[in-house]
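With chain A held as given, fit chain B onto it using these hints.
Protein chains: 2
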Amino acid sequence: MCARFIKSKHFFEEGMVESLAEVSEANGKVWDEDAELDVVGKGVSRIDGYDKVSGTAKYTFDIKLPNMAHAKILRCPHPHARIKRIDTSKALNLKGVLAIHSHQNTPTIPWFWNMSQLYDAHLRYQGDEVATVVAETERIASEAIKLIEVDYEVLPFVLDPSEAMKDDAPKLYEQGNILRGKPDIYERGDIEKGMAEADMIVEDKFSTQVEVHHPTEVHCSVVNWDGDRLTVYDSTQGIFAVRDTVASSLKIPTSHVRVIKKYMGGGFGSKLDTGKYTVIAALLAREIGRPVRIAMDRKEMNQSVGNRPDSFQHLKIGAKKDGTLTALSHYSIGSSGAYPSGAGCSWPMRSVYQCDNVKTTDFSVLINAGQGRAFRAPGHVQGTFGMESIIDMMAEKIGMDPLEFRLINYAEQDQVSRQPYTSKKLREAYEQGAKAIGWWDRRQKVPGGMPGPLKRGIGMATQIWWGGGGPPAYATMKLNRDGSLDVLAGTQDLGTGTYTFIAQVAAEVLEIPMDQISVIIGDTATCPYCASSGGSTTAPSVAPAVKDAGEQMKEKLLSAAAAIMETSLTNMTYWGGKISLISDPSTSMDISAIMQKMNERILVTTGRRSANPDGYAINTFGAQFAEVEVDIQTGKIHVLRIVAAHDIGRVLNQQMLENQFHGGIIQGLGFALLEERVMDPYTGTLLTMNMCDYKMPTMMDTPQIDVIIVSKSDPLISDVGAKGIGEPAMIPTAAAIANAVYNAIGVRMKSLPITPNKVLDALNA
Amino acid sequence: MCARFIKSKHFFEEGMVESLAEVSEANGKVWDEDAELDVVGKGVSRIDGYDKVSGTAKYTFDIKLPNMAHAKILRCPHPHARIKRIDTSKALNLKGVLAIHSHQNTPTIPWFWNMSQLYDAHLRYQGDEVATVVAETERIASEAIKLIEVDYEVLPFVLDPSEAMKDDAPKLYEQGNILRGKPDIYERGDIEKGMAEADMIVEDKFSTQVEVHHPTEVHCSVVNWDGDRLTVYDSTQGIFAVRDTVASSLKIPTSHVRVIKKYMGGGFGSKLDTGKYTVIAALLAREIGRPVRIAMDRKEMNQSVGNRPDSFQHLKIGAKKDGTLTALSHYSIGSSGAYPSGAGCSWPMRSVYQCDNVKTTDFSVLINAGQGRAFRAPGHVQGTFGMESIIDMMAEKIGMDPLEFRLINYAEQDQVSRQPYTSKKLREAYEQGAKAIGWWDRRQKVPGGMPGPLKRGIGMATQIWWGGGGPPAYATMKLNRDGSLDVLAGTQDLGTGTYTFIAQVAAEVLEIPMDQISVIIGDTATCPYCASSGGSTTAPSVAPAVKDAGEQMKEKLLSAAAAIMETSLTNMTYWGGKISLISDPSTSMDISAIMQKMNERILVTTGRRSANPDGYAINTFGAQFAEVEVDIQTGKIHVLRIVAAHDIGRVLNQQMLENQFHGGIIQGLGFALLEERVMDPYTGTLLTMNMCDYKMPTMMDTPQIDVIIVSKSDPLISDVGAKGIGEPAMIPTAAAIANAVYNAIGVRMKSLPITPNKVLDALNA
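Which chain is which? The protein sequence lines are A and B, in order. Numbered according to my numbering, the first sequence spans residues 29 to 793. Numbered according to my numbering, the second sequence spans residues 29 to 793.
Bound conformation, chain A alone (with noise of 0.2 Å):
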């Protein structure tokens, strides 16, 4: 019997299996590659789907509470400005307005790295928070916010970062505006060396868009104080992280602070960060005794919540003309706004491909501008872009295919620590996607060779994450007599699938219908802790955990059962739902038999996902590879197809795995072609305020999708062998339609958006 996790109840009555020893004895751990799984892998309907589609699921946004006031914030006109006086007088007689905080009647709350505060009268970006208004209505907010008056010294500003890092350029901070005062600097080997080892170098510049996350909730917070305790509603990507630092910031106990949500409308690392707005708000319901909601606009959405940060990349790489890469330099600029947030886009190429010489400089400056932020798979989508359009252009100077160069450059273990991967399957990505795509026949031999106005070409990128998870991560199970379950864990579902994956997992190893499950999470006080829901860790850190406090259950009921049947734990068998002798499976009894007996009206397990091994590289890896149509003449780009292909462990949900890949394609596709914050440099002040000028892509956009999951389980990381999936989706998409377009149109587009001006600009230069 290969299988170390066998489907016992399944083999044992179709008698798959001769005996219920053989059940015993197979039925491990761990899911490895050979486990035949039931439920999990499965594209079974998300549990939470009927919620959604009937309309009564409820978002923080939809929260309302009784005798809710709500807040509304105003924010700084100017790039760069100091408040010299702030008058509310007049706003506070507006009937309906309760109260208005700002620097002048608020306690010193440290924020941003202890650079700035709460509320800070020295304000670094048009949208920066100079007062809030709490009123009956938002409308009365809003309207009361006009009426504050405020003295502003305008200071000088600066938006573009390699101005800003000059000496003369106006400083952010007394420290100056290179964050950390230098470079992120990465090297191993000796650069010089390899670059003088190459029989070939290619040399150029790359650089991409500030793009703003836009999930579909926007963010916002409902918060209500029961005398000293606060309940926080709140749209966010990390409960307990909310807990901790709303409670540090009031300085209470965590316990006072309890932090839900349900349901969530996607956070893309946007609210990964505890927003300022929830604590505003907090200190505002704690002052009027009532709850207060706030929720920020579209227009706030634009400009204060967050965004990916642009890049300025100068790549140079070698290479011997047998393909072998030679030296790998990455320098990059990147802004992190106003406030620190790093900007380095180096990982793709200090760990994609074999090299011995790289070196890597990462500049993050502070800009007069919106914050950066964590946004699906940070850096890895910008350098990703840059790295694969020169890897392309090395292998055209040497003459050969790009996937051959890729393969002749395949890193067969970790480039930065030097330890081997639990597991990669990007060889198998290659080639499955490859043959998808139909690499070797439909793509054009010569760049641009299409004949024609409307020319398609192919091209491809590679992708590498980390995505393995890890503690801590807690699930606790309660069983009930009649064989139900709920099942707690505090995370959060961002309308990625959490629920059902936890469900799916809770199912499998009970062997119990999923029907008779119930989740609960998105609580910090009912659910034990889990971490923030970000870095594609949800899922390989919370299924392992669940798995646990179901192995930990049956380990619970085999016990009692071998103490009711007077025998030995060895003796006994779960299966199906049962536990029964090993010798004899007409003894079964079932949850309801054995809880009956032990005289338990509940039995409790906490599980918790084990430590990552000791010495490896936990990575996901896959190359997604478009087919794109460039119509020469409008210089418009349409994406007719992407293929992906990847190495991401365990699938969990065939279904959600798939909603997961096709967001994180469509998302890729708008940072390749359409999405750009753009600032006006005259005025310091955001052009792109709303959704006409910021562009998403829509369904008219997206293209064919093919996932194809090349991995079964990646059993050395834990006992489920899932990695993550929501950064992997995206990494590549933008890089691979880059090099499509260079395929179809034989001129290289090195900035994004790839924009129908700058085609039609590149075709005629």
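It cannot be assumed that every hint is accurate.
Chain copies aren't distinguished; within one or between two, either way the pair holds.
In the BS3-like style, the derived pairs of lysine-lysine whose C-alpha atoms are separated by at most 27 Å in a straight line are [to be verified]:
| no. | residue 1 | residue 2 |
| --- | --- | --- |
| 1 | LYS118 | LYS279 |
| 2 | LYS625 | LYS279 |
| 3 | LYS279 | LYS80 |
| 4 | LYS92 | LYS290 |
| 5 | LYS584 | LYS57 |
| 6 | LYS582 | LYS279 |
| 7 | LYS118 | LYS194 |
| 8 | LYS582 | LYS786 |
| 9 | LYS112 | LYS199 |
| 10 | LYS92 | LYS80 |
| 11 | LYS86 | LYS290 |
| 12 | LYS473 | LYS233 |
| 13 | LYS118 | LYS463 |
| 14 | LYS473 | LYS349 |
| 15 | LYS70 | LYS473 |
| 16 | LYS625 | LYS723 |
| 17 | LYS290 | LYS463 |
| 18 | LYS786 | LYS740 |
| 19 | LYS210 | LYS786 |
| 20 | LYS425 | LYS57 |
| 21 | LYS233 | LYS425 |
| 22 | LYS86 | LYS625 |
Honestly, the hints are just simulated from the structure, not real lab data. What you are looking at is a predicted structure, and each value in this text was computed from that prediction instead of being measured.
For chain B alone, kept in the frame of chain A given last:
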């Protein structure tokens, strides 16, 4: 060191113990009589106090859900009838009506011990459920039920249980009106022989009225389906009982039903059973696809949600001249109402006094009136009135002081099981209570002997109840890294203080401030199972589970600290929320430091109430002493003072304990003098339909109340040693008042309530 449990921080830091070794040795797990506790037992304020006094506390009655509809029940106008036809067409045409349910269009759901069903075409009392309308508003629903046309076949009815026992009485059920077809008979020894051995025999009849619970918050549910999952907000004494009944009624897994109750305005037993209205609302909500609220009005509260059965007691007891009881005979008839409910009241006669020859006979009889239901010490309140009256009569006949007579017949062991008590301090209660009231000095030597129209008297009565609680009861602790704590338990707070004592016990065990603790109860989905709150079992069941969770938590921390310090567990000690080497207090680490080193973000334990000890009877004991003033011109009784002296094990919270005693005694006073459900014998309808006709005691009726607790702990029953107090507080009050009235006026009142009319009639007789 006599104390097995020591507040280690306190003692060590104040130099009261010499070394941590001594602390460690003394820091035992059982809180015995000598235990010195910091928080438990103290009169700390309720942690839910702010919510309640600020009006932010949300009771079930306050729950409003978006799109919520409202239901109202059409109740039978006849005491006994059968539905021939229901026509809902006119009602359905009323604008705003959404659906109407009756037995015609709902599944058959068994109810009342399978003797009836949710909607039964056979209607057995004025108030039985005929149909339910759900509409946009409660007002529309109320209008609509008037438009439902019902043809009733009106049947003969019976209200008097003695009449109902006769063969020719109208039958509520085919099998007859006597519950189970026969009385509940208990015998020990030889009652005839006992009577024969007596020097004196006293025989008399006593009766008590039907009493209605009338909690402040009416019975209500708000139900909401999400697909096949049901959330029930319910004003209930048993969230898990409601979950299980609703799930089995609707034939869905228990994990599909989530029952939530945060705050509650009392129950007194009327909310122990799951209300029909809850399942009725769930069926309607499923049909209309909207949340449904259903709340009883005061008329329904008087009529349809339970009561304390009446009793007609025929008692006969024998004693020797020296005061030794030789025989106790109890015969009673009580009315169950229209549906099965035990109405016996003989338990005090079986168990309070030492006597070898006892026979009790209890008839529970079905009549055409609202169903009886558990009401604060079911049976005991009625039975104690009869028994303690006739005990006083016997003492007088013998010429002995009533208290002396009781002490002669003191039961040293449980009279029914013949087992020893875990502890019994009734003698101390007698002594201290008698002293406080001035029993030996101030009581009338000659009953009615005080001159003038205002006559004072003093009387007493004895109480016995269970109240040790027991499993199943579980509590989960989640310890956060900042040392703050969340405690979860699937119990409920009826208004009695469950939130607070849980926090007290947790604070005591972990030696952390109460302020650091949050308590979550009243939610079946997130909290581990606890039993319903009835029988005064909540505190004695839940407190030890909380303590156990805390002890497990300390063990986790101690083990971790031992591992961190690379030493054995036996070298470590826990004191003052910190852990150190026994040999070196300077090594102490607090919870945060240990968890940081453990790399744990949370520690979770689930504690369990251990089983009660075998071979023991667990009871509470007490005596109440009443002083009354009777105006023999008006018959009005003024209760001046009640002294309540009780053995209830450990006091968890002095303030909450006194609250409970005040409530119980005032409720007992209402039973003694005021409250009575009155039916019209000619029409079979209820005459006391409102709070004007049904008289409850108010502030003006409240006497001075002194509570004396003679016990410190009952360590045999649990590590906490607490017993229940809710019911003990009420049991003897009416009997003590009745005996005091006799002492005042020299005429014995044998029928409750003792109204002015009855007093005048008795004085005139």
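Do the hints match the structure? See the list:
no.: 1; hint: LYS118 <-> LYS279; in the structure: neither (32 Å within a copy, 61 Å between copies)
no.: 2; hint: LYS625 <-> LYS279; in the structure: between (48 Å within a copy, 23 Å between copies)
no.: 3; hint: LYS279 <-> LYS80; in the structure: between (37 Å within a copy, 25 Å between copies)
no.: 4; hint: LYS92 <-> LYS290; in the structure: both (14 Å within a copy, 18 Å between copies)
no.: 5; hint: LYS584 <-> LYS57; in the structure: both (15 Å within a copy, 25 Å between copies)
no.: 6; hint: LYS582 <-> LYS279; in the structure: between (42 Å within a copy, 26 Å between copies)
no.: 7; hint: LYS118 <-> LYS194; in the structure: neither (43 Å within a copy, 83 Å between copies)
no.: 8; hint: LYS582 <-> LYS786; in the structure: neither (61 Å within a copy, 66 Å between copies)
no.: 9; hint: LYS112 <-> LYS199; in the structure: within (19 Å within a copy, 88 Å between copies)
no.: 10; hint: LYS92 <-> LYS80; in the structure: both (18 Å within a copy, 20 Å between copies)
no.: 11; hint: LYS86 <-> LYS290; in the structure: both (7 Å within a copy, 20 Å between copies)
no.: 12; hint: LYS473 <-> LYS233; in the structure: within (25 Å within a copy, 111 Å between copies)
no.: 13; hint: LYS118 <-> LYS463; in the structure: neither (69 Å within a copy, 69 Å between copies)
no.: 14; hint: LYS473 <-> LYS349; in the structure: within (20 Å within a copy, 123 Å between copies)
no.: 15; hint: LYS70 <-> LYS473; in the structure: neither (40 Å within a copy, 87 Å between copies)
no.: 16; hint: LYS625 <-> LYS723; in the structure: neither (63 Å within a copy, 48 Å between copies)
no.: 17; hint: LYS290 <-> LYS463; in the structure: neither (42 Å within a copy, 60 Å between copies)
no.: 18; hint: LYS786 <-> LYS740; in the structure: neither (42 Å within a copy, 86 Å between copies)
no.: 19; hint: LYS210 <-> LYS786; in the structure: neither (33 Å within a copy, 96 Å between copies)
no.: 20; hint: LYS425 <-> LYS57; in the structure: neither (51 Å within a copy, 78 Å between copies)
no.: 21; hint: LYS233 <-> LYS425; in the structure: within (17 Å within a copy, 114 Å between copies)
no.: 22; hint: LYS86 <-> LYS625; in the structure: neither (40 Å within a copy, 39 Å between copies)
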